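Order-wise, the sequence lines are chains B and V. Each step along the first sequence adds one to the number in this note's numbering, with nothing skipped, and position 53 is 53. Each step along the second sequence adds one to the number in this note's numbering, with nothing skipped, and position 104 is 104.
No wet-lab data here; the hints were simulated from the structure. Where hints are given, some of them may not hold.
Listed below are the simulated BS3-like cross-link pairs for lysine-lysine, each with C-alpha atoms no more than 30 angstroms apart in a straight line [claimed, not checked]:
id	chain 1	residue 1	chain 2	residue 2
1	B	K47	V	K104
2	B	K106	B	K68
3	B	K47	V	K65
Model, not experiment: these values are computed from the prediction.
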Amino acid sequence: QSPLTQPHSVSGSPGQSVTISCTGTSSDVGGYNYVSWYQQHPGEAPKLIIYDVHKRPSGVPDRFSGSKSGNTASLTISGLQADDEADYSCCSSAGGYMLVFGGGTKLTVL
Amino acid sequence: EVQLLESGGALIQPGGSLRLSCASSGFTFKTRSMTWVRQGPGKGLEWVSSIDGSGDSTYYADSVKGRFSISRDNYKSTVYLQMNSLRAEDTALYYCTKHLPGYKYYMDVWGKGTTVTVSS
Numbered sequence: 001q002s003p004l005t006q007p008h009s010v011s012g013s014p015g016q017s018v019t020i021s022c023t024g025t026s027s028d029v030g031g032y033n034y035v036s037w038y039q040q041h042p043g044e045a046p047k048l049i050i051y052d053v054h055k056r057p058s059g060v061p062d063r064f065s066g067s068k069s070g071n072t073a074s075l076t077i078s079g080l081q082a083d084d085e086a087d088y089s090c091c092s093s094a095g096g097y098m099l100v101f102g103g104g105t106k107l108t109v110l
Numbered sequence: 001e002v003q004l005l006e007s008g009g010a011l012i013q014p015g016g017s018l019r020l021s022c023a024s025s026g027f028t029f030k031t032r033s034m035t036w037v038r039q040g041p042g043k044g045l046e047w048v049s050s051i052d053g054s055g056d057s058t059y060y061a062d063s064v065k066g067r068f069s070i071s072r073d074n075y076k077s078t079v080y081l082q083m084n085s086l087r088a089e090d091t092a093l094y095y096c097t098k099h100l101p102g103y104k105y106y107m108d109v110w111g112k113g114t115t116v117t118v119s120s
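Looking at chain V on its own, in the form it has when it is part of the complex (with noise of 0.2 angstroms):
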């Protein structure tokens, strides 16, 4: 079975750093893009970042960039999502993804997300 589990969500100040990490199991993770989407209280969801298999190629929401960074390690089978100078609209569940087999914009695997709260 597919599984993503996210870990690394917390209450933090205005300023402060996170890092957010995904494990994956149940599938070959190395050839597989991941994405990071957000979800605010009572918004709607937000793509945050993305990387390719290899971890070579990343990619990021003007909202973030800058200010996040995506890595991968494939033999831990692990995303991470590094949020530096975080700020109040940062806060929101964050979802880990996996992305549809052959596919660069669909995901077709999500995890339970993680929340990361910025407050002073």
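So here's chain B without its partners, still in its complex pose (with noise of 0.2 angstroms):
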């Protein structure tokens, strides 16, 4: 299973809006609506910030949010805030119980 193509990096500015995609195939995520994103700041463990491509857990401000067109899912994040910088991760299910994971994309708030 091959890793979902994400960009290396991404920037904005406070108050911004940036947007991360996440490419992956038929197979994966154009196959499922099963797509999450992960956010870690460094040394830190991920966390889980979007689920069933667009869902926020309890607590995740409503400035993270997701969708999904064919084999590509975005992340997109509104209002940038200093904080928000850190690694993204999207994941998605490869069928069945598999998962498949981005290589990860490196948020840069100028």
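Take the two lone chains, each set in its own frame, and fit them into one complex as the hints suggest.
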């Protein structure tokens, strides 16, 4: 199973919006609505911020939103804040219990 | 408070074996699927293995199939990862994760991880 494709890095200024893409195939992202996103600050464990493509766990601000079109999922962060600077990884079901992650995207808040 | 505490990571020679443990607390362990995820140095996250709540069903990434074995002891609220025939590419921080209640594909609690280094 090949990793999902994410941009290596993205950046934005405080208050702006950024979108991170996550491209897979019809065997993972395109085939299932089981896409999630994780936020990871340096030296910390990942944190679930989006599941089922667009749902947010309790406590995650609505500035974080998810969507999917075809084989590509997207995470949009609006109203960027300094604390949003982190690595973001997408994850998709690949059939059965199999999961595949993206390579991760480093978000820099300028 | 839900907690996951991994242990067992070490420096090990290629071809060696290691068993990781993950002690859980703060939730009804036997009802939750559990998953190991690893992250190599400077690399992205990689799904390794999952086990359902009863322990009857186990799943593995192709990269570890036949070498790793996941199991759980619901009396001890602990999940294990037995790793055999270790390779340099298995070097990583191994996270123990708990699944979001009612979902197969999402991990809502992560431990701090335990480091496995495979090197001669």
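Note to self: Run the distance test for K106/B versus K68/B: straight-line Cα separation, threshold 30 angstroms.
What the structure shows: holds, 20 angstroms
Notebook entry, point to check: K47/B and K104/V: Cα distance at most 30 angstroms?
Noted result: At roughly 17 angstroms apart (the allowed maximum being 30 angstroms), K104/V and K47/B satisfy the hint.
Next item on the list: Please work out if K47/B and K65/V have their alpha carbons no farther apart than 30 angstroms.
Entry: Judged against 30 angstroms, a Cα distance of about 27 angstroms means the pair holds.
The structure fails none of the hints (numbered hints given earlier).
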